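Trainee: Each chain, written out:
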Amino acid sequence: MDMKKTVKKSNDVMAQRLYAPYAKAEWGFINHWYPVKFSNEIAEGAVVGAQICGVPLVLRRSKGKVYALKDQCLHRGVKLSAKPMCLTEDTITCWYHGFTYSLETGSLVSIVAAPDDEIIGTTGISVYPVEEVNGMIFVFVTSDDFDDEIPPLSQDMPIRFPHNNERFPHPLWPDSPSVLDKNVVCLGIHRTGYANWRLACENGFDAGHLLIHKDNAIVLAKDWAVPLGIKPVSDQATQLVEDENGPKGFINMYFTEHYEPVLENKLLNVRAAGTVPKYFRTSMFVPGVLMVENWPEENVVQYEWYVAITDDTYEYWEVLVKHCENDEERQAFEYRFKNFYEPMALHGFNDCDLFARDAMQNFYADGSGWNDEQLGDMDYSIITWRKIASRYNRGIAKTPRGVAGVVKGASNVLAEIRGDQPGAIRDKAE
Amino acid sequence: MDMKKTVKKSNDVMAQRLYAPYAKAEWGFINHWYPVKFSNEIAEGAVVGAQICGVPLVLRRSKGKVYALKDQCLHRGVKLSAKPMCLTEDTITCWYHGFTYSLETGSLVSIVAAPDDEIIGTTGISVYPVEEVNGMIFVFVTSDDFDDEIPPLSQDMPIRFPHNNERFPHPLWPDSPSVLDKNVVCLGIHRTGYANWRLACENGFDAGHLLIHKDNAIVLAKDWAVPLGIKPVSDQATQLVEDENGPKGFINMYFTEHYEPVLENKLLNVRAAGTVPKYFRTSMFVPGVLMVENWPEENVVQYEWYVAITDDTYEYWEVLVKHCENDEERQAFEYRFKNFYEPMALHGFNDCDLFARDAMQNFYADGSGWNDEQLGDMDYSIITWRKIASRYNRGIAKTPRGVAGVVKGASNVLAEIRGDQPGAIRDKAE
Amino acid sequence: MDMKKTVKKSNDVMAQRLYAPYAKAEWGFINHWYPVKFSNEIAEGAVVGAQICGVPLVLRRSKGKVYALKDQCLHRGVKLSAKPMCLTEDTITCWYHGFTYSLETGSLVSIVAAPDDEIIGTTGISVYPVEEVNGMIFVFVTSDDFDDEIPPLSQDMPIRFPHNNERFPHPLWPDSPSVLDKNVVCLGIHRTGYANWRLACENGFDAGHLLIHKDNAIVLAKDWAVPLGIKPVSDQATQLVEDENGPKGFINMYFTEHYEPVLENKLLNVRAAGTVPKYFRTSMFVPGVLMVENWPEENVVQYEWYVAITDDTYEYWEVLVKHCENDEERQAFEYRFKNFYEPMALHGFNDCDLFARDAMQNFYADGSGWNDEQLGDMDYSIITWRKIASRYNRGIAKTPRGVAGVVKGASNVLAEIRGDQPGAIRDKAE
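Residue numbers (UniProt numbering), protein chains in the order written: chain A, 1 to 430; chain B, 1 to 430; chain C, 1 to 430.
For reference, chain A alone in the conformation it holds in the complex (with noise of 0.2 Å):
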């Protein structure tokens, strides 16, 4: 018999009506700011592709400023990243059959074998902007039609501090440094993963998760008190950010008198481990950008995005920021980084996260998954999110048209799997 239906859910259809819009962006949300690279991985004259919310991207640096255009020639609608061509610092040339683009504009500036064509000058590329700050890359990444101002990036950014301690007071930690403070170090790694990006984004502040962390071996050999979860007990939980011009997004108050932690549970006779106190809040913001304060260690915040790139894989980045005021602390940072928290935390820790959020993937693929899940209590924060993202959102992503993951099981992506290459010969046709 299906239990399930019997059942009293917090996603009932009230909640599903409150929460639509973010229930059909299988492509993510576009016009927003997105991580796409970091400093290191473009150097100077380097030319890149990335894909954001199904929007292909080409990136170059140029005098040491970093472009991104549409990575889809209007003509063919090949990358113009397969292949990089450029011929002056201003421009990117599309390999194949010269088209070149303004770097700041996107507008066609020249055809290499076609320089008097009349075409030129009436058309080009989408531009986006384009922001780099302490070793990240971001992208503004829109809709062929979008003509707003453009937002800061700030206002696709977690909040600051010390700006809100009165606000979001947070005695057991000292302030959480951010991507945009001065004097900040930016240390991370990003790889995709196999799932929807709400899925990743929803397993992040998730406060019903902790059991998959419960025998991690950073968590034993740091020896940290983590209880088997955190019980919001009032409504007060969940905190808000609905600033004007500013972040959108809300805060678990987690080691308040909001939530309380559960250390035990009789039945299934398990109980919380570690002695030593373990202090952190996690919060999470449009357009999906999650802040966990004093996390892995005291004056380091760990931030994390979940771009999506297709409708079922999406970049996972995960970056530690800490303060750091000269060379030294900054070595000593990344030694740190390198030796301790990339392999314990981002990867050991954290890996568990990316496979649990790849294991929900099968349940959401077909679109079932958002009606059939059953959510309780426990995912009060994540029903919260919904309804935020719903709001505050500055559009849908269409599916794209004309780009790599729409259509699925393409022989040439199959071909690139069984790394066939253009150069082998076959004579089997099939």
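Fair warning: there could be bad hints in the mix.
Identical copies look the same in the list; a pair holds intra-copy or inter-copy alike.
Only pairs whose alpha carbons sit at most 20 Å apart, straight line, appear in this in silico SDA-like list of lysine to any residue [stated by the list, open to error]:
1. K182 with V133
2. K278 with L220
3. K9 with I120
4. K398 with D372
5. K63 with P232
6. K83 with Y194
7. K8 with N371
8. K398 with G367
9. K9 with G367
10. K398 with D366
11. K408 with G419
12. K63 with L267
13. K266 with D116
14. K63 with E41
15. K266 with D117
16. K408 with G367
17. K9 with D117
18. K387 with D243
19. K63 with D175
20. K248 with P151
Derived from the structure by calculation, the hints contain no laboratory data.
Owing to the predicted nature of the structure, the values given are computational and were not obtained by experimental measurement.
Following the hints, put chains B and C in place on chain A, whose structure we already have.
Mentor: Only chains B and C this time, still in chain A's reference frame:
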């Protein structure tokens, strides 16, 4: 010109109407008993996953008994088997958020981090009856809304001997043992085939496919006199089994006056080879189990199951059964199985069948094969099977929701083929 | 903003209407002659499979003659080529149930195990005309309902010389040999490309794509003076070929007053390199065969075919033809082919074309590219091709039934990539 159009087919519109339900059963027949694992594949305490008719199953052995539940946590839909977690002997816990289910009833008995959640006791996941007999584990796979009485395993198994000796005489070989008999040993293998389960069924008892075995090593080694084919010469050739509260299927009455061996094809100048008479008989039963009596050798019977996993994959089961009165006989059977039956029969001989079934898949994958196929007299038993299966199946499995295999060419499936691990760092977005 | 919307395109709605049939031909043009194998790929007695325009083909050479039949047994739809079985010189037998077809007519002449079946002689599979000439095997691939007269191979081949010298003067190079000439040797390769066949066609004669060859080793080694591009300066630049009962296509009148080489792009500061004049001419004919005269060297001509396999794969044929009056000349040509033409021209040079075509596939795979592409003056010849192909093709291939490549991401295809063998034992169901 399309000569197909002009010809008379056994699968004409009239016939197709009589087995319409079968033609709709892409995902298999639900509400039946199927083999899921061999006993030695689930050790005490072990948790393993499987999928049958699109239903994900998680199996756990606790205190000797095997339990089967739906392998899809009602909360976020992950597989419990993806990362086994068991906190008590009577429950299985979802590794992600700690939802804990009773092995007996499937009801939600606790949540690790929310012992007092009011949802507890009000919901649960489906459980499935399990029978373990003579080294095989069977599960009764149901739709979520099934609430009839559960039929005995014997109803979904072949008829038994000597009970049916008078009804279906077989003077040419000893009584075939049954998986359900006392003092039998069942030895076999199972593996995934890449075709629809129905194509596999139809290969098993197909009187016309002897040709693919003509050159098999075991046939030559034993010098078996295998005819080119066996031709039905009366409408008694195929005898129906429609026992009330018993098996439903049919028997090919080989080596009776109802069948005539074809020993020669003059036009093609082919002749049957072999000098040693080889007697056997095939019969097929709902939901898709084949019995080959007196095979591969005297006193042994071969059972085969073709169990739908998805609409284009099935689990192929090959099981040999023999009466063994003591350890010595058991050891002799195990020795002969490992060194002769498994390599030369279950592989050497039946690998040709696996190949043949998979070779049909492209023709049927888009659904067109069910109309375009051109069956003739030799397919008499196949039409018989389709009709009886249509009449006696207990339900057509629906296309599942939120299950692997529904979305073809999904990125997470391709990633697994590519060997991508959650731990891998990739900075290319596509 | 979407600058694309504002601009004039050569592929405007009006133009698109004129080549609508072409835009529908995902699976190719049916009822045409296509190369299927080189003669040395089918030895006496050999049976090989191929697929053209979604039509599965099985080829057998018997008593020197090559026969082509539909590679789909009418009984259960398996490929005869999956496991070749030939019992007489005049027939091919299906390995599964012994259905035996006449090589000449395709009619069912016997069934191994049912020599008296009344279906015999009443049905059969399609056969396809075959022509073998100068080391190449061509097949006339038809729809099942084709019953017109079969046109000569020459109608689907390029125009010939010297026959057309006056009509299409070429003072700059010797007369190009033809595959159909006496005393010619044809040497080449063929391989699978992962794009739609039309994208491959359009790359072949594309006057605007010289850029991708600018840096090719053969160009530098021979110091060829290759312009940046070639610009049509009169409406005579592209001359139509619409011979009654003859080839249909067009010629790019390079190196005449109708084309102007572009040697420099001042804005981008690029200049054509090379000092050795290099004369050649491209022409394209229905159903998709390119002729490059005087290429790669004098007295040699390069033919290319782009043969649809599925809607997203095609077979790429590169064939060099040369008159050889005696064995010595033949050996010299073979020597030069193996050691120079194949590695540096057919690979080094044309690999760039293969790459370019496959790079377009994502843009066109979902059908959107045919509207979103933005063609200009340089694409004059591409529009010409689309129109003439729309006018003179003998049929648009339908999406095939029951053929590999129709269902994308099918499990049996993924299994083959994964390297799963029928013999493998796997007890995980997924």
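Trainee: Hint by hint, say whether it matches the structure.
Mentor: Here is how each hint holds up against the structure:
Taking the shortest Cα distances, K182 and V133 sit within 20 Å of each other inside one copy (9 Å), while across copies they are farther apart (70 Å). With identical chains, the CA atoms of K278 and L220 are at most 20 Å apart within one copy only, with a shortest distance of 12 Å there and 66 Å across copies. Proximity of K9 to I120 under the C-alpha cut-off of 20 Å is restricted to the inter-copy arrangement: shortest distance 12 Å between copies versus 58 Å within a copy. For the identical chains of this complex, K398 and D372 are inter-copy neighbours only, at 16 Å across copies versus 24 Å inside a copy, given an alpha-carbon limit of 20 Å.
Neither within a single protomer nor between protomers do K63 and P232 lie at most 20 Å apart by alpha-carbon distance, with minima of 51 Å and 37 Å respectively. Proximity of K83 and Y194 under a CA criterion of 20 Å is satisfied inter-copy only: 18 Å between copies versus 26 Å inside one chain copy. Taking CA atoms no more than 20 Å apart as the test, K8 paired with N371 passes inside one copy only; the shortest distance there is 13 Å, against 46 Å between copies. Taking identical chains as interchangeable, the C-alpha atoms of K398 and G367 lie at most 20 Å apart whether they share a chain (16 Å) or sit on different chains (16 Å).
Taking the closest pair of Cα atoms, K9 and G367 come within 20 Å of each other only inside a single copy of the chain (18 Å); across copies the shortest separation is 38 Å, beyond that limit. When the C-alpha separation of K398 and D366 is checked against a cutoff of 20 Å, the pair qualifies both within a copy, at 17 Å, and between copies, at 14 Å. Both within a single protomer and between protomers do K408 and G419 lie at most 20 Å apart by alpha-carbon distance, with minima of 18 Å and 18 Å respectively. For the homomeric pair K63 and L267, the shortest alpha-carbon distance between copies (19 Å) is at most 20 Å, but the shortest distance inside one copy (65 Å) is not.
When the C-alpha separation of K266 and D116 is checked against a cutoff of 20 Å, the pair qualifies only between copies, where the shortest distance is 11 Å, while the shortest distance within a copy is 81 Å. In this homomeric assembly, K63 and E41 come within 20 Å of each other (Cα to Cα) only inside a single copy, at 16 Å, whereas the closest approach across copies is 55 Å. Only between protomers do K266 and D117 lie at most 20 Å apart by alpha-carbon distance; the minimum there is 14 Å, versus 78 Å within a single protomer. Taking identical chains as interchangeable, the C-alpha atoms of K408 and G367 lie at most 20 Å apart whether they share a chain (15 Å) or sit on different chains (14 Å).
In this assembly of identical chains, the alpha carbons of K9 and D117 lie at most 20 Å apart only when taken from different copies (12 Å versus 62 Å within one copy). In this assembly of identical chains, the alpha carbons of K387 and D243 lie at most 20 Å apart only when taken from the same copy (16 Å versus 58 Å across copies). Taking identical chains as interchangeable, the C-alpha atoms of K63 and D175 are never at most 20 Å apart, the minima being 36 Å within one chain and 53 Å between chains. When the C-alpha separation of K248 and P151 is checked against a cutoff of 20 Å, the pair qualifies only within one copy, where the shortest distance is 13 Å, while the shortest distance between copies is 57 Å.
Going through the hint list in order, the structure does not satisfy hints 5 and 19.
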